[in-house]
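Could you slot chains Z and H onto chain A? The hints should help.
Chains as they are written, first to last, in our numbering: chain A, 1 to 260; chain Z, 1 to 269; chain H, 1 to 153.
To be clear, the hints were calculated from the coordinates, so they are not data collected in a lab. One should not assume that every hint holds.
[Stated by the list, open to error] Straight-line alpha carbon distances no greater than 27 angstroms define the calculated DSS-like cross-link-like pairs of lysine-lysine that follow:
no.: 1; chain 1: Z; residue 1: K33; chain 2: Z; residue 2: K23
no.: 2; chain 1: Z; residue 1: K57; chain 2: A; residue 2: K15
no.: 3; chain 1: H; residue 1: K110; chain 2: H; residue 2: K55
no.: 4; chain 1: H; residue 1: K55; chain 2: A; residue 2: K35
no.: 5; chain 1: Z; residue 1: K76; chain 2: A; residue 2: K35
no.: 6; chain 1: Z; residue 1: K33; chain 2: Z; residue 2: K57
no.: 7; chain 1: Z; residue 1: K239; chain 2: Z; residue 2: K264
no.: 8; chain 1: H; residue 1: K57; chain 2: H; residue 2: K110
no.: 9; chain 1: Z; residue 1: K33; chain 2: Z; residue 2: K264
[As the list claims (entries may be wrong)] Derived DEER-like restraints, expressed as beta-carbon distance ranges:
no.: 10; chain 1: A; residue 1: A10; chain 2: Z; residue 2: H243; range: 45 to 51 angstroms
no.: 11; chain 1: A; residue 1: T223; chain 2: Z; residue 2: P40; range: 22 to 28 angstroms
no.: 12; chain 1: A; residue 1: K15; chain 2: Z; residue 2: R19; range: 21 to 27 angstroms
no.: 13; chain 1: H; residue 1: Q144; chain 2: A; residue 2: L245; range: 46 to 52 angstroms
no.: 14; chain 1: Z; residue 1: E128; chain 2: A; residue 2: I19; range: 37 to 43 angstroms
no.: 15; chain 1: A; residue 1: A12; chain 2: Z; residue 2: T96; range: 36 to 42 angstroms
no.: 16; chain 1: Z; residue 1: S83; chain 2: A; residue 2: A12; range: 39 to 45 angstroms
Remember, predicted model here, so these are calculated numbers, not experimental data. Glycine included, each C-beta is placed from N, C-alpha and C at the ideal position.
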Amino acid sequence: MINFIADLGAIAVGKLVRIGEALLMLLQALVVRPKVSSFSRLIQQLYVVGVQSLIIMLVSALFIGMVLGLQGYTLLSAYGSEQAVGQMVALTLVRELSPVVAALLFAGRAGSALTAEIGLMKATEQLASLEMFGIDPLHRIVAPRFWAGMISLPLLVAIFSLVGIYGGHLVAVDWLGVYSGSYWGNMQQAVDFNEDVLNGMIKAFVFAFLISWTALYQGYSCTPTSQGISAATTRTVVYSSLAILGFDFILTALMFGGTV
Amino acid sequence: MMLEGIIDIRNISFYRGDRAVFKNLNCTIAAGKITAIMGPSGSGKTTLLRLIGGQLKPSQGQVYLFGQDIALLSRKQLNHLRSRMGVLFQSGALFTDLSVFENVAFPLREHLNLSSEDLYNQVLLKLEAVGLRGARGLMPAQLSGGMARRVALARAVAIEPELILYDEPFAGQDPIAMAVLQRLIKHLNTQMRLTSVLVSHDIAEACAISDQVILLGEGRVLAQGSPAELQASDDPAVKQFIHGEADGVIPFHFAAPPLQEELKGLNHD
Amino acid sequence: MRKRWLELSVGLMIVAGVSALIALALQVSGGNMSRNTQNYAITALFENAAGLGPKAKVTMAGVTVGEVVAVGIDPNALMAQVQMEIYGQVDYLSIDTSASILTSGLLGEKYVGLTVGAEDDVLVDGDVIEDTQSALVLEELIGQFLLNFGDNT
Chain A
1 MINFIADLGA
11 IAVGKLVRIG
21 EALLMLLQAL
31 VVRPKVSSFS
41 RLIQQLYVVG
51 VQSLIIMLVS
61 ALFIGMVLGL
71 QGYTLLSAYG
81 SEQAVGQMVA
91 LTLVRELSPV
101 VAALLFAGRA
111 GSALTAEIGL
121 MKATEQLASL
131 EMFGIDPLHR
141 IVAPRFWAGM
151 ISLPLLVAIF
161 SLVGIYGGHL
171 VAVDWLGVYS
181 GSYWGNMQQA
191 VDFNEDVLNG
201 MIKAFVFAFL
211 ISWTALYQGY
221 SCTPTSQGIS
231 AATTRTVVYS
241 SLAILGFDFI
251 LTALMFGGTV
Chain Z
1 MMLEGIIDIR
11 NISFYRGDRA
21 VFKNLNCTIA
31 AGKITAIMGP
41 SGSGKTTLLR
51 LIGGQLKPSQ
61 GQVYLFGQDI
71 ALLSRKQLNH
81 LRSRMGVLFQ
91 SGALFTDLSV
101 FENVAFPLRE
111 HLNLSSEDLY
121 NQVLLKLEAV
131 GLRGARGLMP
141 AQLSGGMARR
151 VALARAVAIE
161 PELILYDEPF
171 AGQDPIAMAV
181 LQRLIKHLNT
191 QMRLTSVLVS
201 HDIAEACAIS
211 DQVILLGEGR
221 VLAQGSPAEL
231 QASDDPAVKQ
241 FIHGEADGVI
251 PFHFAAPPLQ
261 EELKGLNHD
Chain H
1 MRKRWLELSV
11 GLMIVAGVSA
21 LIALALQVSG
31 GNMSRNTQNY
41 AITALFENAA
51 GLGPKAKVTM
61 AGVTVGEVVA
71 VGIDPNALMA
81 QVQMEIYGQV
91 DYLSIDTSAS
101 ILTSGLLGEK
111 YVGLTVGAED
121 DVLVDGDVIE
131 DTQSALVLEE
141 LIGQFLLNFG
151 DNT
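One chain only, chain A, in its complex shape (with noise of 0.2 angstroms):
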């Protein structure tokens, strides 16, 4: 029994001193003199990781919205108010399914991606050869992919939202037979720009800092070996999606606790 606690008090430590090194390895990276050169490297960085999500953004973003706005009319129309599918499609997007939805997908397609690369770098010494040309691999390798998921993500997400409204709209309006003025009207006088767009945006921040985060540590200290890559690819994927849902009920309770 007492073992049982104190390897249950080991593992806590572990992971304490995981997050630790973690943190280390963000303020390294981070705190820099940005140069100019770093520019073109950021660029780089935001093509592979943004402009790469953005397929899967506006696929999965047609179909939401869609299924919203079917969901939507179906439940609606139980108690006669179809007008109000536009509010719930508008509501439903930009206060949660946006930020959440595509932190998830970003965690899976962008996340897992730059784990990799960066494992593999690791197991083939690219990262130790920078090391003995006198570069800094984390300042080199790591800043670039931080800071283009940082913009990325929130890019990403207003375009979901959109994409996904017009989605709703494709399904109420021009199929099942809404007005239009009453799915774009209600909308906007549901829909506040400060409370649900702005606080929408904010998770989107934080969810874009825990998924690069993550992604870049654990392909920075994985083994490496290919099954520590993979191992590592992993675990970026579950992690950041329980940091998305967990921090999201967090910021949800912050964000839209006080009004019922």
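Then chains Z and H, alone, in the frame of chain A:
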């Protein structure tokens, strides 16, 4: 205490977990020569290389590089020292997103301020030295293992360092590639007046080009001397390694209880 | 050539993201972006404010002119005190304006409807509306109906 060589290792101990990789190791690498560090697997050859390069810090003792204790250096000073040294990693470690040309140009861009013309010429000259000038447009993924290693060599010598470390340069190479590498290592050492340190367990190849051999084992230096001296040595540990004997000072069997006790179905007690 | 495409696509993504944000601001949320500092506060006392809560609309002639900030109890009058924030541009509410708590639709949400009176002076920050009509509570309505029905038979 006189620091004799370009690298001085004084009384270093290095632990990996509980296991002592080195205990009170002492050796000196002389300038201008090719020194081979050899030993069986697990004797810490690559670890020693990493200690020299400053990637690892010894638990005890000092590593002097160009006469300076590397543990006392700041990051900036360490990086400056590193610019006087080139490293050839076992896997070549070319940057996969850069072309052959860009890989070799990399240290030149980082450490020197050359005009684009001078840079271009330097890269071409270095690639010419390793015989791969025509491959400069290829990407690392398109190169064979041997070619990748030669490009990595060109990159390692690009800024004309004083010291170059080779981590298992002959491992897994076909006989032609090995001969090419041997020729290059020897040639570069003489032509560019380098000090070369190579870690290897290919006895024939390493001994053929080295001036000095350091044999590691059991956490310390087993023997040190010219290849001829080691070949003629009477020390059983040295003999086992140099002549490639399966069993001897370093045992064949991993530690285990007697076989009779472990087999099933026999009457014990 | 490859580099051109890279930079172009990153630029496009950033433009798309920022435009999406702007579209969300204007098209989706109706553009009420800032707390207008010219808005002013007025209060109204009701006998029964059942169902009215913060963020409910305040309308006049069916047009939104403000929103409910808080609903509480006035300890002196022992009535429901509804604090409202009226938009700055709406500066023509006479001091004898009446306020009613209405329901949008049969089962819909409660909101405050204002009807302007005949006086020349207008309401300013801090004024109280005295002429009020409370919320319709279903049980009271039924009770009243039964009472009337009982009277008639």
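The hints, checked one at a time:
Only pairs whose Cα atoms come within 27 angstroms are accepted, and Z:K33 paired with Z:K23 is accepted, the gap being roughly 26 angstroms. For the proposed pair Z:K57 and A:K15, the alpha carbon gap of about 25 angstroms is at most 27 angstroms, so the pair holds. The straight-line distance between the Cα atoms of H:K110 and H:K55 is roughly 10 angstroms, inside the 27 angstroms bound, and the hint therefore holds. Restraint check for H:K55 and A:K35: the C-alpha separation of about 48 angstroms exceeds 27 angstroms, so the hint is violated.
Pair hint Z:K76 plus A:K35 holds up; C-alpha atoms about 17 angstroms apart against a cutoff of 27 angstroms. A distance of roughly 25 angstroms separates the Cα atoms of Z:K33 and Z:K57; the hinted pair therefore holds under the 27 angstroms criterion. Of the pairs offered as hints, the one joining Z:K239 and Z:K264 is violated, with about 38 angstroms between alpha carbons and a cut-off of 27 angstroms exceeded. Annotation: proposed proximity of H:K57 to H:K110 holds, straight-line Cα distance about 8 angstroms (limit 27 angstroms).
Between Z:K33 and Z:K264, the direct Cα distance comes to roughly 57 angstroms. Violation of the 27 angstroms bound is thereby established for this hinted pair. The beta-carbon spacing between A:A10 and Z:H243, approximately 48 angstroms, falls within the hinted interval of 45 to 51 angstroms. Taken as a hint, the range 22 to 28 angstroms holds for the pair A:T223 and Z:P40, whose Cβ atoms sit roughly 24 angstroms apart. Between A:K15 and Z:R19 the Cβ separation comes to about 26 angstroms, which falls inside the hinted range of 21 to 27 angstroms.
Range check, H:Q144 to A:L245: Cβ separation about 51 angstroms, and the 46 to 52 angstroms hint holds. At roughly 51 angstroms, the beta-carbon separation of Z:E128 and A:I19 lies outside the given 37 to 43 angstroms, and the hint is violated. Between A:A12 and Z:T96, the C-beta spacing of about 38 angstroms keeps the proposed range 36 to 42 angstroms intact. The supplied range of 39 to 45 angstroms is met by Z:S83 and A:A12, whose beta-carbon atoms lie about 44 angstroms from each other.
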